[in-house]
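Next come the chains, spelled out residue by residue.
Number of protein chains: 4
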Amino acid sequence: MMKQARTLLSRSLCDQSKSLFEGNFKVSPLRGFATRADSSTSARGFSGKDAAKPSGRVFAPYAIFKGKAALSVEPVLPTFARIEPGNLRIDRRGSVMMTFMPASGERKYDWEKKQLFALSATEVGSLISMGSNDSSEFFHDPSMKSSNAGQVRKSLSIKPHADGSGYFISLTVNNSILKTNERIVVPVTTAEFVVMKTAFSFALPHIMGWDRILGQADTAAQGITLHPKTDLPQLGVEWV
Amino acid sequence: MMKQARTLLSRSLCDQSKSLFEGNFKVSPLRGFATRADSSTSARGFSGKDAAKPSGRVFAPYAIFKGKAALSVEPVLPTFARIEPGNLRIDRRGSVMMTFMPASGERKYDWEKKQLFALSATEVGSLISMGSNDSSEFFHDPSMKSSNAGQVRKSLSIKPHADGSGYFISLTVNNSILKTNERIVVPVTTAEFVVMKTAFSFALPHIMGWDRILGQADTAAQGITLHPKTDLPQLGVEWV
Amino acid sequence: MMKQARTLLSRSLCDQSKSLFEGNFKVSPLRGFATRADSSTSARGFSGKDAAKPSGRVFAPYAIFKGKAALSVEPVLPTFARIEPGNLRIDRRGSVMMTFMPASGERKYDWEKKQLFALSATEVGSLISMGSNDSSEFFHDPSMKSSNAGQVRKSLSIKPHADGSGYFISLTVNNSILKTNERIVVPVTTAEFVVMKTAFSFALPHIMGWDRILGQADTAAQGITLHPKTDLPQLGVEWV
Amino acid sequence: MMKQARTLLSRSLCDQSKSLFEGNFKVSPLRGFATRADSSTSARGFSGKDAAKPSGRVFAPYAIFKGKAALSVEPVLPTFARIEPGNLRIDRRGSVMMTFMPASGERKYDWEKKQLFALSATEVGSLISMGSNDSSEFFHDPSMKSSNAGQVRKSLSIKPHADGSGYFISLTVNNSILKTNERIVVPVTTAEFVVMKTAFSFALPHIMGWDRILGQADTAAQGITLHPKTDLPQLGVEWV
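Protein chains in written order, with my numbering: chain A, 1 to 240; chain B, 1 to 240; chain C, 1 to 240; chain D, 1 to 240.
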């Protein structure tokens, strides 16, 4: 009965999330997820004149709505720079963006108070290798190496429930200028954490850009003349 | 000998499944898998005038035929809505559809009495993290939040065999209007469950829509002009 | 020293394998891998008049060459049948083809005496879930349900080394007409078995045809008009 | 505090790595990564007249920068040879290329002293199956089977930290002609090793060429007429 109630609640929240996310794209750029969309846009290098073109972006966050807060996770692709005609080099690594939102009432979440944390490839590696009793903690400074370094400090903490039924994921943001210290905690079940681990494992080679390296094969087969057997060097990569 | 017998039986059923599935697509829309096809169609948003066009759908269920019932599983893709020219937002999440069919005789199954259960991403996460001694139970109300809510209650239960050789997967459907209570149980071997877990893990990022986010790279490389190095913002996604 | 020797030997054999595989495609259809190529061809439904066309096939077996025998594994794609204009249904499931070849001398293998065993999806599931102390055994009858049923019996056995350093993989083929009983054994290291498990796990959704179901998303985004929000059915797949 | 310091350091190095990799592509062909780029080029069979064409290569190494040395890993695709019109056979297997670079000062690395080691598919299988207390060692002779065989001996060693917090990865290169014996050691954390294992597992089927075999399905569905049901052979691959 308890279980059923929880499932039904979770479904309600899930349903609600649809309208919440819709709102996300209707609100003015000054509100809500718009900041994320903006940073995502700039990260992909769309300049002003590109703004009117179709950008081909896809939004499919995995969202977990709980009583006091919600957590939404979504991969962010790396960007590439052309280094020679036809060649690409990874320029900015991808990440898994985590968005925390405090609740503002029953099944309502305050997008203006959301906080972001972008997991790097290595932090993703740390998360997906966590056992059911393991903890993790990551520290970021969004203004690192700028004149504002040290003003804002973010800490993401993942701690197991005492009974092994899941984890508490919490983000603490300390702003030394505004003298604020915010903390948003979202409890996640083992099943939700497994979804995250499986999806993050799937995303990892993509945020590293390895899918691009390894996807070249298909292109090669269509466009590039393969070397005849007689051209083979005697010693190749395999012997290094 | 026992083992061989089982394998041969399994092959017979597997062979039979081919003709069973064929039947599936020949019967009238009022029968059998047709309901699934219908719901799948509507879920993908094909309207009347689209019905005559090739729909490009692929049917490849993984079916387990046992003495008293059969279980067939198959992923269902999410749907996307256009939110701006060229952008897509996930609209309805995908799922893994489980179809249970009671046997109506030796190696015959009654499609009219089939029962469906669509696993959400989180329920898939729960299933793929099950150890050999773990149990799971999920509850659905197909009419939730409509005026018919509570009339039908479905419960999917996965329980390990006592000797660790597999699981019993059972679906109970309770209809309070018709005052019926149906239960279909399919025993699955460890090997069959591993196939399900591996295939579900593969499917999970796709039913979440993350393959669409992460597949954008290929498109981007062909069509979008990558930003020159000088356009790079000083602080990007990685520093959030 | 031992270890180095083994690595160097393995490299020699690996190098040799290249020429062995080359031979495979130069020999007459009556010899060697040609049989496999033939069955593969027919399994993909190429008829006589297709034979002259480019078939677009790719050969990339993973081969393990040992002192007394060699084992080569390679995935075989499923075939699909058109069931309506534009729709596809899986017709014949894919498999992982295992080819065993006895040694005919030092670093030479006798292709004419090769034996084949095609692992089904469920058998692949069984193999990839094997722990370091587990055994597996599978039985096939290549002529099952024909008038020749029972004439040939194949048994594939996977047994762990006593010291946990790998497995013995052996294929026994018993022909009751020819009154022959052949047995080919290939010892594989843990690393080689992990390659097989990883590659088989990768292949599994493909031999089941699920990559085709889940790959539809890309096509859909390009060609199919997505439903406007107002057309959404009140109850969709997710609520089943 | 310790942890934060480490994270910030790691971020600095990561940031530095960007400029380091940039340098990589600006230096003359006689320096740094250029050697790798060259070998990669020849491995893909680009002949002289192809050199001016866009090659479509993508560079996305995963780099780990530590105090005394750095390690960069990147997959290398297999090459294919045409064996009949339209068919491809794997010609040279892919690998995971490991590049070790000693530090030449604080946060500076000496590209001219880099050493390469290309992991084969089986060596990748060995690495990805390592538990937290396991060790591995691989031996290569880059000039094997040439007249220079035995002159250079490379040994890659992976040893766990005593406290289980990661591994030491070291490459020893012994040159009997130059009478040199170089050794570069990079400590990697558990999280970094998990990134490597996850990315290597993703890469493995690609360096084996299995993605090419299994990616044929998409092509087949578009271009090849599927066999009608009546053409089915009585006994197919599945029954082998």
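Hints are computed from structural coordinates only; laboratory data are not their basis.
As the structure is a prediction and not an experimental result, all values here were calculated from the model.
A virtual CB, placed ideally from N, CA and C, is assigned to each residue, including glycine.
Be aware that one or more of the hints could be misleading.
As the list claims (entries may be wrong) - From the derived model, a few chain C residues whose C-beta atoms are all more than 12 Å from chain D: (1) 60; (2) 105; (3) 132; (4) 162; (5) 175; (6) 179; (7) 181; (8) 190; (9) 201; (10) 215.
Stated by the list, open to error - Partial pick of chain A residues on the chain D-facing surface, computed with a CB cut under 10 Å: (11) 163; (12) 165; (13) 168.
What the hints assert, rightly or not - The following residues of chain A were derived to be distant from chain D, with all beta-carbon distances above 10 Å: (14) 86; (15) 87; (16) 89; (17) 103; (18) 104; (19) 122; (20) 126; (21) 129; (22) 133; (23) 162; (24) 201.
Hint by hint, here is what the structure shows:
1. 60: 3 Å, violated
2. 105: Answer for residue 105 of chain C: holds, closest chain D Cβ roughly 19 Å.
3. 132: Incorrect as stated: the minimum Cβ-Cβ distance to chain D is 10 Å, not above 12 Å.
4. 162: Non-interface label stands for residue 162 of chain C: nearest chain D Cβ at 19 Å, farther than 12 Å.
5. 175: 14 Å, holds
6. 179: Its Cβ never comes within 12 Å of chain D, the nearest being 21 Å, so this holds.
7. 181: Fine: 18 Å to the nearest Cβ keeps residue 181 of chain C off the interface.
8. 190: 6 Å, violated
9. 201: 9 Å, violated
10. 215: It is violated; residue 215 of chain C is separated from chain D by about 6 Å at its closest Cβ, not greater than 12 Å.
11. 163: For residue 163 of chain A, the interface hint is violated, since the closest Cβ of chain D sits about 25 Å away, which is over 10 Å.
12. 165: 24 Å, violated
13. 168: 18 Å, violated
14. 86: Incorrect as stated: the minimum Cβ-Cβ distance to chain D is 2 Å, not above 10 Å.
15. 87: 5 Å, violated
16. 89: Not fine: 5 Å to the nearest Cβ puts residue 89 of chain A too close to chain D.
17. 103: Holds, because the least Cβ-Cβ distance between residue 103 of chain A and chain D comes to about 29 Å, which exceeds 10 Å.
18. 104: With a cut-off of 10 Å, residue 104 of chain A remains clear of chain D, as the shortest Cβ separation is near 31 Å.
19. 122: It is violated; residue 122 of chain A is separated from chain D by about 5 Å at its closest Cβ, not greater than 10 Å.
20. 126: 4 Å, violated
21. 129: Contrary to the label, residue 129 of chain A does not stay out of reach of chain D, its closest Cβ about 4 Å off (not over 10 Å).
22. 133: The claim stands: residue 133 of chain A keeps its Cβ more than 10 Å from every Cβ of chain D (closest is about 14 Å).
23. 162: The claim holds: residue 162 of chain A sits with its nearest Cβ about 23 Å from chain D, beyond 10 Å.
24. 201: 6 Å, violated
The structure shown violates the earlier hints numbered 1, 3, 8, 9, 10, 11, 12, 13, 14, 15, 16, 19, 20, 21 and 24.
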